[in-house]
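J.: Take the sequences, apply the hints, and build the full model.
The listed protein sequences derive, respectively, from chains V, G and Z.
1 is the number of the first residue of the first sequence in our numbering; add one for each residue after it.
1 is the number of the first residue of the second sequence in our numbering; add one for each residue after it.
1 is the number of the first residue of the third sequence in our numbering; add one for each residue after it.
For the record, the hints were derived by calculation from the structure and aren't laboratory data.
Small disclaimer: the values here were computed from a predicted structure and weren't measured.
For each residue, glycine too, the CB sits at the ideal point set by N, CA and C.
Errors might be hidden in some of the hints.
[Stated by the list, open to error] List of simulated lysine-lysine pairs, DSS-like, C-alpha gap at most 27 Å:
#	chain 1	residue 1	chain 2	residue 2
1	G	K336	V	K138
2	G	K102	G	K41
3	Z	K153	V	K38
4	V	K102	V	K68
5	V	K19	G	K336
6	Z	K107	Z	K21
7	V	K68	V	K42
8	G	K366	V	K140
[Stated by the list, open to error] Cβ pair distances, simulated, as ranges:
#	chain 1	residue 1	chain 2	residue 2	range
9	G	F611	Z	T117	42 to 50 Å
10	V	N100	G	F611	34 to 42 Å
11	G	E490	V	K31	34 to 42 Å
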Amino acid sequence: MDVDKEKLDEIILKYQRSKAHLLAIFQDVQKEYRYLPKEAVKHICLRLGIAQVDGFEVATFYKSLSLKPRGKHSIHVCLGTACHLKGGADVLLSFIRELNVKTGETTADGSFTLESVNCLGACALAPLVRVDDRDFGKTKAAHIRGILSGFTEQHER
Amino acid sequence: MNLSLEKLEKITAAFSAKEQAYEKIMRVCCGTGCITSGANKVFESLSEAVGHNGLSTRILVKKTGCHGLCERGPIVMLGADEVLYQSVGKRDLAGDVELLIKTVTEKRVADKLLFRSAAKKEKYVSPLDIPFYKGQKRIVLARNGFIDPEEIDDYIAHGGYRAPFQALQMDAEEIIDWVTKAGLRGRGGGGFSTGKKWRSARAAQGSPKYVLANGDEGDPGAFMDRSLMEGNPHVILEGMIMGGYATGSNQGYIYVRDEYPLAVFRLSKAIEQARGYGILGRNVFGSGFDFDVEIYRGGGAFVCGESTALMASIEGMSGEPRDKYVHTVEKGLWEKPTNLNNVETWANVPYIINNGWEWYTSTGTKQSPGTKIFSLVGKVNNTGLIEVPMGITLREIIFELGGGIRGKREFKAVQTGGPSGGCIPAQHLDMPVDFDSLTSIGSMMGSGGMIVMDERDCMVDIARYFLKFLTEESCGRCVPCREGTRRMYEIVDRICKGEGKIEDLMHLEELGEALRWGSICGLGQSAPNPVLSTIRYFSDEYKTHIIEGRCPAGVCKELTTFTIMEEKCTGCMRCLTECPMGAIEGARKEPHRIDDLRCITCGICYDVCPFDAIKIG
Amino acid sequence: MVQLSINGKKVTAEEGETVLKVARREGFVVPTLCYHELLGSSGRCRLCVVEVHEGDRKRVVASCLYPVKENIEVLTNSDEVRLVRRTVLELLLARCPSAELIQDLAKQYGVSEVRYTPDKDHGKCILCNLCVRCCKDIVGVAALGMSGKGPVKKVGPPFDEPAETCIGCGACVVICPTGHIVMKEETGFRTVWNKKFELAKCSRCGRAHAPIFQLQWISGRSGVPLEELMVCQECR
Chain V
1 MDVDKEKLDE
11 IILKYQRSKA
21 HLLAIFQDVQ
31 KEYRYLPKEA
41 VKHICLRLGI
51 AQVDGFEVAT
61 FYKSLSLKPR
71 GKHSIHVCLG
81 TACHLKGGAD
91 VLLSFIRELN
101 VKTGETTADG
111 SFTLESVNCL
121 GACALAPLVR
131 VDDRDFGKTK
141 AAHIRGILSG
151 FTEQHER
Chain G
1 MNLSLEKLEK
11 ITAAFSAKEQ
21 AYEKIMRVCC
31 GTGCITSGAN
41 KVFESLSEAV
51 GHNGLSTRIL
61 VKKTGCHGLC
71 ERGPIVMLGA
81 DEVLYQSVGK
91 RDLAGDVELL
101 IKTVTEKRVA
111 DKLLFRSAAK
121 KEKYVSPLDI
131 PFYKGQKRIV
141 LARNGFIDPE
151 EIDDYIAHGG
161 YRAPFQALQM
171 DAEEIIDWVT
181 KAGLRGRGGG
191 GFSTGKKWRS
201 ARAAQGSPKY
211 VLANGDEGDP
221 GAFMDRSLME
231 GNPHVILEGM
241 IMGGYATGSN
251 QGYIYVRDEY
261 PLAVFRLSKA
271 IEQARGYGIL
281 GRNVFGSGFD
291 FDVEIYRGGG
301 AFVCGESTAL
311 MASIEGMSGE
321 PRDKYVHTVE
331 KGLWEKPTNL
341 NNVETWANVP
351 YIINNGWEWY
361 TSTGTKQSPG
371 TKIFSLVGKV
381 NNTGLIEVPM
391 GITLREIIFE
401 LGGGIRGKRE
411 FKAVQTGGPS
421 GGCIPAQHLD
431 MPVDFDSLTS
441 IGSMMGSGGM
451 IVMDERDCMV
461 DIARYFLKFL
471 TEESCGRCVP
481 CREGTRRMYE
491 IVDRICKGEG
501 KIEDLMHLEE
511 LGEALRWGSI
521 CGLGQSAPNP
531 VLSTIRYFSD
541 EYKTHIIEGR
551 CPAGVCKELT
561 TFTIMEEKCT
571 GCMRCLTECP
581 MGAIEGARKE
591 PHRIDDLRCI
601 TCGICYDVCP
611 FDAIKIG
Chain Z
1 MVQLSINGKK
11 VTAEEGETVL
21 KVARREGFVV
31 PTLCYHELLG
41 SSGRCRLCVV
51 EVHEGDRKRV
61 VASCLYPVKE
71 NIEVLTNSDE
81 VRLVRRTVLE
91 LLLARCPSAE
101 LIQDLAKQYG
111 VSEVRYTPDK
121 DHGKCILCNL
131 CVRCCKDIVG
141 VAALGMSGKG
151 PVKKVGPPFD
161 EPAETCIGCG
171 ACVVICPTGH
181 IVMKEETGFR
191 TVWNKKFELA
201 KCSRCGRAHA
211 PIFQLQWISG
221 RSGVPLEELM
231 VCQECR
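T.: In structure tokens form, the structure reads like this:
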């Protein structure tokens, strides 16, 4: 895919072309494209003067980064200890069944990416599900359809 | 702008006068927990209603940080600890908002919104009477829930930023002396003497020096640091200014988990406002001392909570720890002297300077002075965040503050210290909680996560859970951890599936021992703790899985079936309605039946049956 | 100068030396996998661990990285050391059942059986990182790197594509301790890490000797004209 090199350079400049901010640069780029395109990583490495292997290492080390395109909406099912005890794994299974994807995958129509996350820090409201920047507490299998429809309606409008 | 003590007092006077002009202040908790439950809508509706009813000069509606009682959110507090309302707006936003208004206009306390004990027998008006708060000693969390974390004047009006004034006029050595005598120990779990660390950092050769705040709180089940960063970001900055001065550093960094966007936002705003007042930046308080703070966000890696991994991450690399044969206080970030402390540790510092080290040692125990914030979650009635004096017992925490075990169940174990810790059984409930006592029984206090379990939690499954977590979060650098955690997981997974062998228990001990000695960092070194502590205290449960092929808690799916006992079933249809798979059939008042082929063994039916008519087999 | 003891023997060392270096110099056998004289250490395999007593503090440390200190007592064959070594080798053998080097070491250090299901998808790669460091620090083209984390960590060219910078020199093949990295040669071509290189034919004897790409790179770096480099080593 074609990446907007000017946009990338803007982001790099925002972080004063500092190698130390590689992760932050990647995260900002990911926010733009909803994932981290390979071409973007290559361009950033070039600009910062780091080897492609080093950029690739960072891009694949951190779970928050994805080199694969993500869906319009990101679902994060929390699998922290409290959430695990309160049925978090079953909530994840329900999403897997409902969306017909495996954890880490995106639905065929590109609307949802399903991921698990190790603790969002809202443990008193376990089990927790985060869709984009909204949190849903005390989630049960029965709530899944409702949660999802709230987001599909968004782009049907 | 150069801030002076007089200016601080002026700001305080102006802010306090402004707030005192109101008849009542309504504080709406806007921490992540309450926001999830709808606090933002409550704040908006309440503010609107106050305006509509012409009460804008009488009532001030304020957003505050986390109170700690997250499960009962949205929480609204009226006045200073006068009335606490729970679950505001959960079912009837407009109605509840009206009740809130009437509390002031008609001086009528809304019974419906009062905090109730688990048995619903007692209700409480003032938070000071609620056992959850009564048993606490809120020093570090004192301002959480009172101040608007996005308003620096509020923090200043509540005593904020006085300590650096004093500290910047003291000798750096004297500050380190106070912190050492106060006995402050690392609140991230390591428990190392903060004063000692600062002393080493000060003595270290090299420049520039750095001070870091570890806000990477990755232990699942822990959210103490989140609440601090979201609810009172300034107290952390205040601590770091003095730490920088004491160690000879002009640059601080706060490393915040990527999963805490609100914390990043509030800390950023706090830094901006502090810079605006000359509290950060050049010539802090006109003292000639420069100090600034920058935020680094994590990328979703638990291992980055480890000090050398955190530093590698800040340097723009992947978060792989390295052997600490030379301490990071000597060679840390970019090989320069670096002092890393946990966010909660930093938050303790202003109180030591403001009140003196002797005052600080009057709380807690001799070896563990001060307080500790815990996240008490799991199967207790009152889940949330508590701050208690060190030395309090597990029993007090779980049964008094926590209100005991939920429902009709019994206490089985409490997991402390996250993935580095262990499970503690009932026989040790009277253990004091501090840095050293829990290690003697196979666990550790850790960063403060406290997860309570009942008889519906399987200890083998818990061990498997932690091993899966550690396997995924291992950075993969060293053989023992990278290969060992996944092999330990495989063994425990087999046991959970009924394919265990009795030799597995000794094998796990041996493998665990090798990881303890052979791993590079704390993740690998403590990875065996959850499984070894559960084997130590719950070996019978392991043996039941291995020898009888049965999971007594009804959790391990391959070893569990749920059966409805016809003779006890009243046909109330409760389980039928709740079953997510529609696997239960039966007419009203007729005994129900579970279709084993559709059943996913989630156990919801067992948990909701009011007649104990379902058995685990 | 630093005075310490190894297995009861009093030895002297220079400040800054590692315990591994001193131990080997004194004739003690300490096995290593991820250490190489030219590339230094990264402390990944943990095979070189030794037990160190400093005062009343006992630690098990990677000897390839641990600096000698005054008065420490080092044990290269204690119970804990042997446990870690055996465990490392058993785990590596489960990971790379076909790696002959690991088979030999395992036998040598008392691993009689592998109690884990052997992997099938790691070849002989033990993630020692020597190839990565060699390519970066000695050859200087950084065509190899680590990616992923924990159980999915692996070594290879970036983006899992043939590396733009790889010059097909084969240094990684030479340095790999287990022989995991394979370079295929067929008439006129060499393939390594999925990158196919056309081999230059010697302008004198006609033998296919080195990848053209590599010669171009060397020419660019050194200033030596390509025509000169096209002559194979033997003809020069």
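J.: Go through the numbered hints given earlier and state which of them the structure violates, listing their numbers in rising order.
T.: 1, 8
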